[in-house]
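Chemist: Chains A and B, in that order, give the protein sequences. Under our numbering, the residues of the first sequence are numbered 527 to 848, in order. Under our numbering, the residues of the second sequence are numbered 527 to 848, in order.
Warning: the hint list may mix true and false statements.
A pair holds if it fits inside one copy or across any two, identical chains being indistinguishable in the list.
What the hints assert, rightly or not - DSS-like, lysine-lysine: derived pairs with alpha carbons at most 25 Å apart:
| no. | residue 1 | residue 2 |
| --- | --- | --- |
| 1 | 563 | 693 |
| 2 | 766 | 814 |
| 3 | 552 | 563 |
| 4 | 582 | 552 |
| 5 | 838 | 668 |
Honestly, the hints are just simulated from the structure, not real lab data.
There are 2 protein chains.
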Amino acid sequence: MRLTAQEVYDKLVNEDGILQLEGQIKFYLGDVNIIVKQRDVVGNIMQEWLQGWLDKRGIEYAPSENTQMPPDFFLNPDDKTKNLLEVKAFNRNRGPGFDIADFRMYEEEIINKPYMLNVDYLIFGYDMNDDGVVTIKDVWLKKVWEITRRMEDWPINLQIKDNVVHKIRPGIWYAEDTARTDYTVFESLEDFISAIEEAVFQNPKTHNNAGTWKAAFLRSYKQETGIDLSIPRWSEIKDKYDLKSVRKLEKAKSDLAKATDQYEKIKERIQLYHQKLHVEQEKNNVGKVGKIQDDIEKQKKNAEKAKEKINKAQAKIDELEG
Amino acid sequence: MRLTAQEVYDKLVNEDGILQLEGQIKFYLGDVNIIVKQRDVVGNIMQEWLQGWLDKRGIEYAPSENTQMPPDFFLNPDDKTKNLLEVKAFNRNRGPGFDIADFRMYEEEIINKPYMLNVDYLIFGYDMNDDGVVTIKDVWLKKVWEITRRMEDWPINLQIKDNVVHKIRPGIWYAEDTARTDYTVFESLEDFISAIEEAVFQNPKTHNNAGTWKAAFLRSYKQETGIDLSIPRWSEIKDKYDLKSVRKLEKAKSDLAKATDQYEKIKERIQLYHQKLHVEQEKNNVGKVGKIQDDIEKQKKNAEKAKEKINKAQAKIDELEG
Chain A
527 MRLTAQEVYD KLVNEDGILQ LEGQIKFYLG DVNIIVKQRD VVGNIMQEWL
577 QGWLDKRGIE YAPSENTQMP PDFFLNPDDK TKNLLEVKAF NRNRGPGFDI
627 ADFRMYEEEI INKPYMLNVD YLIFGYDMND DGVVTIKDVW LKKVWEITRR
677 MEDWPINLQI KDNVVHKIRP GIWYAEDTAR TDYTVFESLE DFISAIEEAV
727 FQNPKTHNNA GTWKAAFLRS YKQETGIDLS IPRWSEIKDK YDLKSVRKLE
777 KAKSDLAKAT DQYEKIKERI QLYHQKLHVE QEKNNVGKVG KIQDDIEKQK
827 KNAEKAKEKI NKAQAKIDEL EG
Chain B
527 MRLTAQEVYD KLVNEDGILQ LEGQIKFYLG DVNIIVKQRD VVGNIMQEWL
577 QGWLDKRGIE YAPSENTQMP PDFFLNPDDK TKNLLEVKAF NRNRGPGFDI
627 ADFRMYEEEI INKPYMLNVD YLIFGYDMND DGVVTIKDVW LKKVWEITRR
677 MEDWPINLQI KDNVVHKIRP GIWYAEDTAR TDYTVFESLE DFISAIEEAV
727 FQNPKTHNNA GTWKAAFLRS YKQETGIDLS IPRWSEIKDK YDLKSVRKLE
777 KAKSDLAKAT DQYEKIKERI QLYHQKLHVE QEKNNVGKVG KIQDDIEKQK
827 KNAEKAKEKI NKAQAKIDEL EG
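Only chain A is shown next, with the shape it has when bound in the complex:
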């Protein structure tokens, strides 16, 4: 039986009800066996479990030819450019801890084999409770750009050791609580390619290929798909993925509104004081006149401070929106 990645997903979730199953890991030695309560182990064995499941269900596949690179399974053994399936798993109570691929191998691979961009990522979010009972909390089927993101200093989230670029790492695509993530995953293949190209340029080890990387990729992609991709410049899109910028802008706008409100109130107050001053001057009440004049001076200083806040917030907004 041959299935697409989507059909594999549907069968797992809808027919086999994987989200309702309870699993466990057991260690046997002699006549003693114990339940293994090591959460990180599950992340490393779901791919083998899926292989066992494909076998048991009689679903055809050819296994991976290079364990370093996607995919884990060719769901169409006769055409290894279509229906490619990569399996990932992570502890759902933590963030995704898996690697996508080695950056240099990946940026070369997608020029040589643009169909690699179409790999389906079948991702399991698992849980292990204190008794060692394993459950699958979530299953996703995603494209690579739907699970990757930028980082602060690089256009793609990279594992960097001693200043050397290693693996492409995932973002968080399921965040209910966006306040906890600083960068959103990419919105499109084009934006993902833009980020990869910028990273090829930025990485000293690939910098010399950057001049022709985009042209080579676009030519290869068109040859394979017939499609002329239009890749945006990274500088034009990078800010929309930075929730920190978005949040900073929101904060600056809120600061501006607050400071403006404050400024208006102080101005009203000063006007009111002037009226009172007028009344007391008419009465020739020297003591009160002096006190009100002091109050007016104080409020004028407050107005200056509020004006400064307004200018500062406006400058921040101009900077962030510019």
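Starting from the known structure of chain A, fit chain B onto it as the hints suggest.
Modeler: What follows is chain B alone, placed relative to chain A:
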């Protein structure tokens, strides 16, 4: 049933034949199960397996009260100062990768509870083959000083991160091939204590306790055991644990022997040349006389070089033996 650590060892090895058993780790989810082929997992589960085994055999124990510190099992639940058992496991195809204890907790613990020095370490050396079959290659029952050693810059093998002392780490006690280890494990409790005391002094975080550490330990040890321990100074014992020094000394002695032999041969040769020179001078054979004189000059230079080697080797020996 109550057993000593030695009886536990004997039952495991002789009665239950643990060295002949074949184990495996399996993951179950739904109607699919797979063999888990992750070697490092075994190291983390042998302690739980032993607990299962103690339960199954009806061997009494009280479990660990602090998982950070030895022991894992109190084999006499009525007296938690005797018959303490700590379980360790490591991949026999690699070196021991487990921790002994946090250094600071340990140096304090053995003052407060000197009986901790008497903990029995039950150590499993396991193997997992490519099919995931787990076998136990070796089981040892050891005292702490029989599985610890010095290192280059510290009297005890320590895990040091960012210049901060963390865990005490094991040595290799089973080395058939001593050429691969630079330091041997300690020969006695006394030498181990000497090393701990020196490390207390050397570690900036414990340095201020070093002045009274030994006195406090000896007092506490005597109070508990009635024994006056005699602790050697670290400077007096450290070299015997350094196989590198031992090997350097052997090399220097061998260099000395070789150079001396060479020097003697050159001197004989020079004597021979002088005899030949005498013969040719008698014959008035000017050509040959000149040639032999050149040869003698050459051999004198060689003799000087050999003499230099002798002096160098002797200096090295004096330095290493001094």
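Chemist: Give a verdict on every hint.
Modeler: Now the hints, each set against the structure:
Taking CA atoms no more than 25 Å apart as the test, residue 563 paired with residue 693 passes between copies only; the shortest distance there is 24 Å, against 28 Å inside one copy. Taking identical chains as interchangeable, the C-alpha atoms of residue 766 and residue 814 are never at most 25 Å apart, the minima being 56 Å within one chain and 94 Å between chains. For a Cα distance limit of 25 Å, the shortest separation of residue 552 from residue 563 qualifies both inside one copy, at 9 Å, and across copies, at 12 Å. Taking the shortest alpha-carbon separations for residue 582 and residue 552, both the intra-copy value of 21 Å and the inter-copy value of 16 Å come in at or below 25 Å.
Taking the shortest Cα distances, residue 838 and residue 668 never come within 25 Å of each other, neither inside one copy (42 Å) nor across copies (70 Å).
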